[in-house]
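Chemist: Each chain, written out:
Protein chains: 4
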Amino acid sequence: MPSHCLNGGGWILGNLIDGTQAERVRIPHADYSLYAIPAGADDVALVMLSDILPTGFECGVLRGCLKPGDTLAIVGAGPIGLATLLTAQFYAPAESILIDVDENRLAWAKKLGATRTINNSDGLAAEKVLALTGGRGVDVAVEAIGHAASFDVCQAIVAPGGHLANIGVHGKPVQLNLDRLWSHNLTLTTQLVDATSTRRLLRAVSDGRLDPKQLITHHFVLDQMMQAYDTFAQAMAQQALKVIISNLP
Amino acid sequence: MPSHCLNGGGWILGNLIDGTQAERVRIPHADYSLYAIPAGADDVALVMLSDILPTGFECGVLRGCLKPGDTLAIVGAGPIGLATLLTAQFYAPAESILIDVDENRLAWAKKLGATRTINNSDGLAAEKVLALTGGRGVDVAVEAIGHAASFDVCQAIVAPGGHLANIGVHGKPVQLNLDRLWSHNLTLTTQLVDATSTRRLLRAVSDGRLDPKQLITHHFVLDQMMQAYDTFAQAMAQQALKVIISNLP
Amino acid sequence: MPSHCLNGGGWILGNLIDGTQAERVRIPHADYSLYAIPAGADDVALVMLSDILPTGFECGVLRGCLKPGDTLAIVGAGPIGLATLLTAQFYAPAESILIDVDENRLAWAKKLGATRTINNSDGLAAEKVLALTGGRGVDVAVEAIGHAASFDVCQAIVAPGGHLANIGVHGKPVQLNLDRLWSHNLTLTTQLVDATSTRRLLRAVSDGRLDPKQLITHHFVLDQMMQAYDTFAQAMAQQALKVIISNLP
Amino acid sequence: MPSHCLNGGGWILGNLIDGTQAERVRIPHADYSLYAIPAGADDVALVMLSDILPTGFECGVLRGCLKPGDTLAIVGAGPIGLATLLTAQFYAPAESILIDVDENRLAWAKKLGATRTINNSDGLAAEKVLALTGGRGVDVAVEAIGHAASFDVCQAIVAPGGHLANIGVHGKPVQLNLDRLWSHNLTLTTQLVDATSTRRLLRAVSDGRLDPKQLITHHFVLDQMMQAYDTFAQAMAQQALKVIISNLP
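Residue numbers (our numbering), protein chains in the order written: chain A, 1 to 249; chain B, 1001 to 1249; chain C, 2001 to 2249; chain D, 3001 to 3249.
Some clues are possibly wrong.
Mimicking DSS-like on lysine-lysine, the simulated pairs with C-alpha atoms at most 25 Å apart in a straight line are [said to hold, decoys possible]:
| id | chain 1 | residue 1 | chain 2 | residue 2 |
| --- | --- | --- | --- | --- |
| 1 | D | K3067 | B | K1213 |
| 2 | C | K2067 | A | K67 |
| 3 | D | K3067 | D | K3111 |
| 4 | C | K2111 | C | K2128 |
| 5 | D | K3213 | B | K1067 |
| 6 | A | K67 | C | K2172 |
| 7 | A | K172 | B | K1213 |
| 8 | D | K3172 | B | K1067 |
| 9 | C | K2111 | C | K2213 |
| 10 | A | K213 | A | K110 |
| 11 | C | K2067 | C | K2110 |
| 12 | B | K1213 | B | K1172 |
| 13 | B | K1067 | B | K1110 |
| 14 | A | K172 | A | K213 |
| 15 | D | K3111 | D | K3128 |
| 16 | D | K3110 | D | K3213 |
| 17 | A | K128 | A | K213 |
| 18 | A | K128 | A | K110 |
| 19 | A | K172 | A | K110 |
| 20 | D | K3067 | C | K2172 |
| 21 | B | K1128 | B | K1111 |
| 22 | C | K2067 | A | K213 |
| 23 | B | K1067 | B | K1111 |
| 24 | D | K3067 | D | K3128 |
In silico contact screen, one side only, chain D against chain C (beta carbon under 10 Å); selected entries [to be verified]:
| id | residue |
| --- | --- |
| 25 | L3006 |
| 26 | I3012 |
| 27 | R3063 |
| 28 | G3146 |
| 29 | A3148 |
| 30 | A3149 |
| 31 | K3172 |
| 32 | P3173 |
| 33 | H3184 |
| 34 | L3188 |
| 35 | T3190 |
| 36 | L3202 |
Quick caveat, the hints were computed from the structure, so don't treat them as lab data. Cβ coordinates follow ideal geometry from the N, Cα and C atoms, glycine included.
Throw the hints in and build the complete structure from the sequences for me.
Modeler: Dropping the structure here:
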């Protein structure tokens, strides 16, 4: 469990010390966290492997115990939700339902492999998922936002015996409906990415089973740093998923 | 998952239809739920296998993924908590900490194998468990009461990467502290007993690895039915764990 | 483990009693083994679900613990090997290497998703697989023929920590090279199909993730029964995989 | 899988370089393989944790997937077999059957927790185990010698769906009876000890759940080195299990 390593390791960059927006950077415990970029690989695509793809894969897909033939619902079609969707396809789910309030993001989800999308602007997503699944709910529900409302959708739609994999960073406690769920054979998980899947994901990129570039919507050069941050801050309005800042013109 | 079987099965007796306090009873789907009592077995002891032992074992020990060497805490030293404690010993935990507010029940817990007991009358159980475990918490925390307060102890003491196995029947929602736990690599489970472990438990009783009679504190005959119920209703005051009603004098 | 059920169940048809080439048939323990064909489904395609697809999936893919990104080798590109190949794709292996001596079958394998094929007519398949994998070998080796020679290829190519899933029906003992493999962290499995995956496979056919018709090469009507058997008996020469006999003209 | 680590690590001492019978020794990759001895611990007892206890536990108990209530048979009551027996008790098997040809070792096995012992001098151990288990065989069979004959006992007695965990170091190939076992739902494993359980075993010794000293039969000082080796070379005749050489009088 590298994410919780007490003795060196754990979540350091961007948490305990500053991140890496610099020309050179000292990486603590580099032996355990750096990977050689394969010859001929696309540097820009591999930026997606530094965080969101292992996060979606480990905290959503693997912790959610997704199996071939499962029905999967992902609440949140932002970059993390879409990274979950992309890597979920390694397990051939029968259905991948993406839920969001933004039509543009749901259109991206469709392009990236969602079998259905639900716009939850009307707050009826849970009812719709239950209707789609004959009242049973989904095998795996992934919370990819970090809000009480999206957590509530997840706990309403997970089937008996199902998995609720929380990825979202929550700022407040949530209500867990144990009055209904105590007998539901539920497995609820939380996880800080361990980045133990990086090698596997690198291989998937190399052999074409995974195309991380699909998550990149905007490119900036270093001089446009502030503009890049502004774009990402208003990601939904700017129709942005991930934003790349590079020193290449 | 027999507990949630839609097509016959599921939780029927005492839930969808009346229970079995009668001289004869028709058991739906009996092929899947009745077991022959081995010759020479103690009928009275085996009553404990009808519910609390599989509940403690399946919903607490197995769902909590208890492993040899783990530190286990059980919140609630009533019959279900003690059934969990008894069956936890199949997995040789390093520590079995029982938490309750009743000294008599904690004394029972000691007798049944708890390595430590904590009286939570002062509301400081969580702090004490953290102190005992060097601040890390326990590998497996079992909620065996069904109250928000006992759930709170569990979520406060489960270590990063640990398991919180809820057994208690909750009448209300609880607060889940995802603001702290989102990154805790927590696995939280709920479970309605499936009784799939009955055969294994029967064997454990037969070969002496499990002594369920230890959970029985009171015996009544049929004429004392009301007295038996009164005793169980005031279990703590009566120092009662499980109560047997039989037609034998 | 339905395949070894002692108390009713187990492998009955074609083993303890005659098979089902008749217009009507009495199926023992039918409650556990018959599935309703979904409306609109293709009867002929679903014949493939009666045996070879669950066999390849359960005995090869699931018992071999295939994971996304694994390197898979299947020795034998007959119907069972190809059923393994088709269902392996639910787990997105990085490489699926099919080994056989028949070019026609290897061409089928390519069409059905093999990333590489090796013609073992020269007996050098093991060396070639080791060369392809930098000397390490494959994560999962599936024996899909039932001969000592194909078993030998598997035990030569499985990587340390890998899985050797035997599906083939062997008429004789084989030699297991424990002098080399005792320290190899090998997991070797055998399995009689349990058909517990039938519902999942039915769903995969229904939603288009699996196309079993690809395994059918020849169609006959009942009057051509003997011709159908002759064709299957000389499957390799006839370029036959699976043969359908129906009462439809 | 530290035992097969290519990049530093793996099995070095006593394999690629000389072992540690010296007053000082340089340990390659010491960060990953040395553990601090807890204050107050018995140095001599902990010698058993350097090899045989993790070997028995990891290669026999864990790889054999022993579960509470299982029937376990261990073929070979030498130090490795007895280390397997001791650590198997973490999982509360219903039966632990030890098989050997030496009455003294079988008497040790009884003392260390075997529920039954079988002297295989007559070559009838397999028949006796099958008779004891109603013809079904055992859930877990552990090969702890490294001979074809002991492997044969294991493959004869493992039940359908069971595990055959090979620990023994084999000098020659064995015959694997796939003509019978192809349909037996067998899991056969081999394993070189990874020593990943050392911390857990240390804790089990510290809290009294495991007493490794029981495996030590003879003590020598450095001056008696040759005598110690002679004793171990004729272990059976000398009624020796493990032999300690120390610099303490």
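Chemist: Compare the structure with each hint and give your call.
Modeler: Each hint, compared with the structure:
no.	hint	verdict
1	D:K3067 to B:K1213	holds (24 Å)
2	C:K2067 to A:K67	holds (11 Å)
3	D:K3067 to D:K3111	holds (22 Å)
4	C:K2111 to C:K2128	holds (21 Å)
5	D:K3213 to B:K1067	holds (24 Å)
6	A:K67 to C:K2172	violated (36 Å)
7	A:K172 to B:K1213	violated (46 Å)
8	D:K3172 to B:K1067	violated (36 Å)
9	C:K2111 to C:K2213	holds (13 Å)
10	A:K213 to A:K110	holds (16 Å)
11	C:K2067 to C:K2110	holds (21 Å)
12	B:K1213 to B:K1172	violated (33 Å)
13	B:K1067 to B:K1110	holds (21 Å)
14	A:K172 to A:K213	violated (33 Å)
15	D:K3111 to D:K3128	holds (21 Å)
16	D:K3110 to D:K3213	holds (16 Å)
17	A:K128 to A:K213	violated (31 Å)
18	A:K128 to A:K110	holds (17 Å)
19	A:K172 to A:K110	violated (31 Å)
20	D:K3067 to C:K2172	violated (32 Å)
21	B:K1128 to B:K1111	holds (21 Å)
22	C:K2067 to A:K213	holds (24 Å)
23	B:K1067 to B:K1111	holds (22 Å)
24	D:K3067 to D:K3128	holds (23 Å)
25	L3006	holds (8 Å)
26	I3012	violated (14 Å)
27	R3063	holds (8 Å)
28	G3146	holds (7 Å)
29	A3148	holds (9 Å)
30	A3149	violated (13 Å)
31	K3172	holds (5 Å)
32	P3173	holds (5 Å)
33	H3184	holds (6 Å)
34	L3188	holds (4 Å)
35	T3190	holds (5 Å)
36	L3202	violated (23 Å)
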